[in-house]
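Can you make the complete structure from the sequences, with help from the hints?
Listed below are the residues making up each chain.
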Amino acid sequence: MASVKKPIITITTDFGTADGYVGTMEGVILDIVPAARLVDISHEIAPQDVREAAYILYSVYPFFPSHTVHLVVVDPGVGSARRPIALRTSAGTFVGPDNGVFSYVMACEPVEAVVELADPRYRLPQISYTFHGRDIFSPAAAHLAAGVPISALGPPVLDLVTLSLPRLEITSASITGEVMHIDHFGNCITTIGKLLWGEDELSLEPAFARMRRAGEKQMRFQALGARVAVGGMKVTGVRHTFAEVDIGQAVAVVGSDGHLTISVRQGDAARELGLRSGDEVVLEVAC
Amino acid sequence: MASVKKPIITITTDFGTADGYVGTMEGVILDIVPAARLVDISHEIAPQDVREAAYILYSVYPFFPSHTVHLVVVDPGVGSARRPIALRTSAGTFVGPDNGVFSYVMACEPVEAVVELADPRYRLPQISYTFHGRDIFSPAAAHLAAGVPISALGPPVLDLVTLSLPRLEITSASITGEVMHIDHFGNCITTIGKLLWGEDELSLEPAFARMRRAGEKQMRFQALGARVAVGGMKVTGVRHTFAEVDIGQAVAVVGSDGHLTISVRQGDAARELGLRSGDEVVLEVAC
Amino acid sequence: MASVKKPIITITTDFGTADGYVGTMEGVILDIVPAARLVDISHEIAPQDVREAAYILYSVYPFFPSHTVHLVVVDPGVGSARRPIALRTSAGTFVGPDNGVFSYVMACEPVEAVVELADPRYRLPQISYTFHGRDIFSPAAAHLAAGVPISALGPPVLDLVTLSLPRLEITSASITGEVMHIDHFGNCITTIGKLLWGEDELSLEPAFARMRRAGEKQMRFQALGARVAVGGMKVTGVRHTFAEVDIGQAVAVVGSDGHLTISVRQGDAARELGLRSGDEVVLEVAC
Chain V
52 MASVKKPIIT ITTDFGTADG YVGTMEGVIL DIVPAARLVD ISHEIAPQDV
102 REAAYILYSV YPFFPSHTVH LVVVDPGVGS ARRPIALRTS AGTFVGPDNG
152 VFSYVMACEP VEAVVELADP RYRLPQISYT FHGRDIFSPA AAHLAAGVPI
202 SALGPPVLDL VTLSLPRLEI TSASITGEVM HIDHFGNCIT TIGKLLWGED
252 ELSLEPAFAR MRRAGEKQMR FQALGARVAV GGMKVTGVRH TFAEVDIGQA
302 VAVVGSDGHL TISVRQGDAA RELGLRSGDE VVLEVAC
Chain Y
52 MASVKKPIIT ITTDFGTADG YVGTMEGVIL DIVPAARLVD ISHEIAPQDV
102 REAAYILYSV YPFFPSHTVH LVVVDPGVGS ARRPIALRTS AGTFVGPDNG
152 VFSYVMACEP VEAVVELADP RYRLPQISYT FHGRDIFSPA AAHLAAGVPI
202 SALGPPVLDL VTLSLPRLEI TSASITGEVM HIDHFGNCIT TIGKLLWGED
252 ELSLEPAFAR MRRAGEKQMR FQALGARVAV GGMKVTGVRH TFAEVDIGQA
302 VAVVGSDGHL TISVRQGDAA RELGLRSGDE VVLEVAC
Chain B
52 MASVKKPIIT ITTDFGTADG YVGTMEGVIL DIVPAARLVD ISHEIAPQDV
102 REAAYILYSV YPFFPSHTVH LVVVDPGVGS ARRPIALRTS AGTFVGPDNG
152 VFSYVMACEP VEAVVELADP RYRLPQISYT FHGRDIFSPA AAHLAAGVPI
202 SALGPPVLDL VTLSLPRLEI TSASITGEVM HIDHFGNCIT TIGKLLWGED
252 ELSLEPAFAR MRRAGEKQMR FQALGARVAV GGMKVTGVRH TFAEVDIGQA
302 VAVVGSDGHL TISVRQGDAA RELGLRSGDE VVLEVAC
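Chains as they are written, first to last, in the working numbering: chain V, 52 to 338; chain Y, 52 to 338; chain B, 52 to 338.
No lab work stands behind these hints: they were computed from the structure. Some clues are possibly wrong.
Same chains, same label: a pair holds when it works inside one copy or across any pair of copies.
SDA-like, lysine to any residue: derived pairs with alpha carbons at most 20 Å apart [to be verified]: (1) K285 / R316; (2) K56 / P85; (3) K245 / Y180; (4) K57 / D100.
As the structure is a prediction and not an experimental result, all values here were calculated from the model.
Here is the structure:
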């Protein structure tokens with residue numbers, strides 16, 4: 052039942068790129084499905100930081116074709132009883148450890164099937180105790196990309212591990228979240244999202260909708276009238292683009308993933324403003 | 052009018068590889084042109100350093116097939132009025148912001164066509180204000196690689212932004228330039244090029260020929276008789292290879308891109324000699 | 052005589068990923084063999100560290116199909132008289148400088164053919180003195196991957212350069228080796244291998260078997276009864292997995308390549324225990 056579409060597998064790990072671990076996984080994959088397209092998402096997830104991997108995956112998967120297999124190996128529990136799983140949604144198939152790394156995807160996409168990667172036919176013949184990325188996850192991703200149905204890989208899983216929700220508290224006057232990710236440029240991406248532009252007005256459609264309480268609902272506010280408090284500092288207005296402030300100035304924008312983002316134009320906001328992951332961010336909306 | 056050759060797209064950015072930004076672009080490209088070969092040139096351009104990206108691109112593009120599309124996203128003006136462009140030469144097609152990043156290519160290759168990436172059919176349906184690499188440049192590169200003619204993407208551009216020339220001053224006794232790029236090994240690549248070997252003699256064919264003044268012309272000199280002054284130091288002779296000096300010694304060679312390069316054999320010239328980008332380099336030629 | 056299998060070329064260098072050197076090599080390869088799959092193994096080999104490259108290659112090649120061409124450019128002697136070579140085994144074909152970088156592969160796999168890359172038809176038309184990765188090794192790898200027989204590339208080589216053996220001393224009571232590689236997580240991989248699990252017993256099958264003296268032979272011992280002395284510290288027992296000790300504890304495991312590895316659960320063993328490459332490691336086996 053091979054797919055007629057070109058198989059695509061993305062790879063996200065905390066392995067770094069120095070040791071050949073990722074290359075080894077790619078060798079295993081190409082041995083099973085020679086036609087696969089392999090796309091590196093990131094191998095610089097902080098070691099064993101499942102939450103960071105969950106965020107990166109959440110920001111990336113919507114831009115891939117739905118037949119893509121997303122392989123994630125951030126796996127502090129390798130060798131323990133944590134299960135290896137595969138998970139299918141209409142937006143993509145996901146392979147990795149059952150440690151919550153798919154929580155943010157699952158909060159956006161209905162899950163059609165989840166299985167434990169138990170069938171030895173879809174593993175390497177020898178399984179090490181320390182590198183399931185090579186021995187279990189890569190072969191599973193390869194076989195799925197080649198068209199093997201997910202149900203063939205093992206029995207259904209009913210009790211997935213999930214992460215707690217990223218912080219997002221909504222009142223009539225403010226939205227409170229925190230810095231969720233600091234990128235290569237020092238942009239501070241917050242949990243406040245997704246924000247959608249409508250002329251000069253913003254509307255908030257709480258991210259990870261399937262995980263949110265019913266009480267949190269969409270709100271609208273004037274972008275330029277809002278104020279962002281973060282790290283003892285206030286930034287006035289949410290802007291369309293960095294270019295609306297002078298070089299070196301702090302600015303709040305809607306990032307490319309729809310989340311409120313604190314930046315410094317042509318600078319490094321995290322360093323210059325002293326911000327870190329977990330710092331509280333309050334968006335005061337003057338409704 | 053799809054190309055019969057395998058589409059190739061190279062990608063050069065200042066995005067780093069930690070955040071999934073490059074992977075996202077690759078997802079967008081593969082969704083449009085599943086057969087594309089994607090080649091990472093560098094994602095470690097210093098943030099917003101258009102000139103460094105221009106140099107790297109100049110050193111790389113000649114080694115790719117002429118049907119290659121070179122996608123460059125080093126874009127300090129994202130979200131401002133700077134135009135997104137595509138540019139065709141007989142040596143390759145180039146896609147990126149109109150900020151001068153293609154200046155060094157244009158100084159070597161006649162431009163056959165330049166257009167603004169204006170047609171919404173060749174963009175993503177939704178355009179963010181901060182990630183045109185994903186929303187505008189990647190789709191354009193993908194469609195071009197798939198064989199869409201450049202004229203379909205938008206109207207011609209007649210007034211491209213260009214960078215000033217890299218320093219290269221030629222007298223009868225010396226050639227003066229500066230350190231243009233320091234590579235991973237600490238090799239200091241200068242603006243003095245291109246140098247061509249003819250036995251023990253070197254000839255200079257000023258780089259970026261189409262940008263140079265007519266007064267600068269080819270010169271010849273004895274390689275071993277020349278002296279290179281840089282950072283308060285003099286190195287005697289231009290050598291064929293590092294191996295002509297002892298380990299740990301400074302040496303001037305003709306680099307792999309034809310530019311005069313200051314190295315330390317099995318060492319890091321930039322660190323050991325205290326050299327930086329922009330440092331003056333004088334090649335005294337005893338004609 | 053083109054191969055019917057999809058050509059695969061892996062690339063291992065000390066070039067880093069900032070300067071476009073690897074991308075340039077990929078352009079050269081794709082120009083010759085457009086269908087090639089290119090897999091980056093590592094570009095972060097310490098500059099000119101032939102031994103580190105030899106180890107990484109040794110740990111990676113067994114997981115690739117046997118028609119793969121492994122291209123390695125860690126080449127302190129570029130431009131000198133050191134020969135460029137290609138080497139065929141039943142487990143893969145290898146291309147790089149004759150400086151010992153293939154020693155560990157050759158210690159595991161019988162060599163079927165070795166040639167010097169001398170034929171100009173399989174090089175770029177112009178050869179620089181400093182970038183044979185682009186001008187000699189990449190074209191050779193591409194032509195080999197495309198199905199050119201190795202004998203066409205040049206004359207046989209009979210006197211290959213080889214590295215000395217990694218340290219491994221075996222007595223009836225202990226096995227002495229050293230730290231051979233420290234990975235991204237700080238895991239300290241030693242020369243003591245390969246260790247094979249049999250229930251709670253380990254057997255040692257000396258690594259690089261073809262290089263070892265006949266006197267070194269297989270031994271068996273109880274895993275939990277063994278003690279590992281390293282850096283003034285003793286760790287009791289060799290475990291199946293990190294998860295057998297508490298978070299933050301040191302642990303000795305059999306790594307994914309079969310070598311004894313010193314780790315800290317969810318920590319960085321090299322940093323926390325102060326270990327470095329070359330540190331002596333003694334595995335005391337209470338037989």
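**Q.** Broken hints, by number
**A.** Going through the list in order, the structure violates hint 4 alone and respects the others.
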